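Visitor: Here is what each chain is made of, one letter per residue.
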Amino acid sequence: MATIFPSNEWLKDLSIKLNNDTKYAQIARNWEGDICVVIEPSGPLTEQLIYYLDLWHGKCRKTEILKDLSSVKPKFVLTATYDNISHIMLGELDPMTAMMTRKLQVHGSMAYMMGNVPTVLDFVRCAREVTTEVLS
Amino acid sequence: MQPILKVNLTTGDIAEYIVPPEWERDYLGGASLAARLLYPLLTGDLDPFCPESPLLFLNGPLSGTAGPSVGRFVVCGKSPATGLWAESNCGGFWGPELRFCGYDGLWITGKAEKPVYLWLNDSHLEIRDGTEVWGKDTYESQTYIKDEVGISGAHVLTIGPAGENGVLFAGLLCDHGRAAGRTGLGAVAGSKNLKAIAVKGTKKIPLARPELFPPLRSAANHALKEDNLTHVFHDLGTACVADYADYLGAMPKKYFHSGVFEGVGKVSGSTMAETILAGVSACHACVIACGRVVRLEDGEKRKGPEYETIVSFGPNLLNDDLAAITRLGELCDRYGMDTISAGGTIGLAYYLFDRGVINIKDTSGLILHWGDVKTVEQLLHLTARREGIGEYLAQGSRLFGRHFGAEQEAVQVNGLEVAYHDPRAYSGMALVYATSPRGACHNQSDYFYVDLGQADSSLRMEFYNRQAGSEKALNVARHQDWRTVFNALVMCTFANVSVDTVVALVNSACGLDWNVEDLLGSGERAWNLKRVINNRLGLTRANDKLPKALLEPYQDGGSAGYVPPIDEMLKAYYIARGWDPETGKPTPKKLVELGLEWVTQDIWK
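Residue numbers (this note's numbering), protein chains in the order written: chain A, 1 to 136; chain B, 1 to 605.
Mixed in with the good hints, there may be bad ones.
Straight-line distance between alpha carbons at most 35 Å, and here's what the computed DSBU-like set of lysine-lysine pairs gives [claimed, not checked]: (1) B:K225 / A:K103; (2) A:K62 / B:K225; (3) A:K75 / B:K225.
Derived by calculation from the structure, the hints in this document are not laboratory data.
Because the structure is a prediction, the values reported are computed rather than measured.
With the sequences and hints as input, model every part of the structure.
Guide: Here's what the structure looks like:
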């Protein structure tokens, strides 16, 4: 069954993937921190979407779809347009490249982020592996 | 632009030099204009240490304007390390302060009878006795001279004992620890008995369109302040790339012979931020503030190491002690030595000792064990003083290797030690190192960022895989041209500013109506002129190569198994450049195209 990004099912599948992927569990074993992914409208996406993921020691403890950021204080907020983030999900855009070329905004502790590059990249691998289609 | 002040240290003559307007237009300033100005003087028979050898300190049209990361200047001449074109650029406040004096440059020739320093107070220049300050380290020298001139806000550019003693990788430092480190121009200053130059100005920097520049500058700085890379550089310093570089196998270890080192995580920018970081420092008007201030066990605040120093005295020597790296970096700064070349040359000594090529009879009795930083400290002392094994270390890795019959093991190109961005992880750096006009240099093109994805479409650059081959040759050439523009302006490569913004700033500062291709054309012209200078100094196609170690694959790590196809890449590069593939020289047609027909006879006799 197709898992379309972005969708409630996609977020649910990502959570299951993160909690069952042994490689991610190993690489992210020391990661402590929640993230919000803010998807700004562009292309076929007409409204802002905010996904919340509580990531802790190689597991995903909670996911939620938020209306705004007022109820949470995540360790990181990642913001990108739908077009750019869908390119990342399809493997057409490297997440580090996106960060360096202003296609993905990152707010949070850069020390923590750069010290955990393998975890970040493996998180993206998991997200890509559950993405079978993107909104069009 | 403002005049350049020419100073002859032999005669004491001082004169203003007005740059012809067409040169100002064609070369903009900085290293590009320096190449045009010095072209007639840089001949094959010129000894870099003779009195006639020029030392040209030059700003660019954006230096000191408080634009985005433009508080920089360049120093140029003939390198005693490479025998080729020398340029080194430096941040801090010294360059802007020179412009505030009403001069865009200082052009030094001659040799003083005894040690001197220059004191430029607005437009008044004094050649002062420097006997008392000779022998002091760069930090002491700055303090001493500031006290002696007695004017608040004076900035001092100085050499240390390494420059006085002719160490071939001696640099000049200002504003505590900002360094013009590469190509040995500190030793050229030392050969002239020139210890330092103090500057203090009160004048306003002229702008061609003063009504347009301030809003552009403000918008550019605001945008830069919000940029991701700015946040990373601000929070972690230039060592922000360390963790990712290690992940990709781009950070050399064990003198470029190992792809992994367990202790890497202990010496990264993120570790520094979480442990010893006590503050940040910035160059003139820079919103990034990549400089580190750290506090070690003695409680004193001091300069923290940047990426190159961390790798040079860290993983390069299998050392994971960040405090020790900080102290070794400070030792180099105080002596006035380039940390890339110092660590690179010592790395070669360790490698040769490990292989049994040299032994304790050669090393002044020292045992060189990987990871032993106490010995590194001793070697730095010996190098700066040129004592014992230090006499050979002071000549850089090429000559050190040659002395011990192992020149091929030296990781250098044309006499300049390779910076710590491994071309086995970023193949674009293979071309950058092989063709840089000053030897293996990452500041002529920090192409590793392009290989990581920072391929700017407005420069008509495409993105290729970081280990792609000859298809990226044109990309590399365009990026070199773009960075040549930065080295003319003089703008910091850490400023992730849009191309359109740079074009607009240049137009308003210089009164031009250029587009990006015009600007790139200026960069290409200067790149080719530097190539011609080097051709005239004896550089041939055979000089465009990588050292042996970089053509052997790593057995492990993130770039294991790969070596860049340098021969194919060079062939494609010569075509992309419009250079003759047989000789590697710019063709007469290319020279005409760039308005450089006047040099044709010098290399095509």
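Visitor: Sort out whether K225 (chain B) lies within 35 Å of K62 (chain A), counting only the CA atoms.
Guide: holds (33 Å)
Visitor: Within a Cα-Cα threshold of 35 Å, do K225 (chain B) and K103 (chain A) meet the stated pairing?
Guide: holds (16 Å)
Visitor: Holds or violated: are the alpha carbons of K75 (chain A) and K225 (chain B) at most 35 Å from each other?
Guide: Holds: K75 (chain A) and K225 (chain B) sit about 21 Å apart, inside 35 Å.
In the structure shown, no violation is registered for any of the earlier numbered hints.
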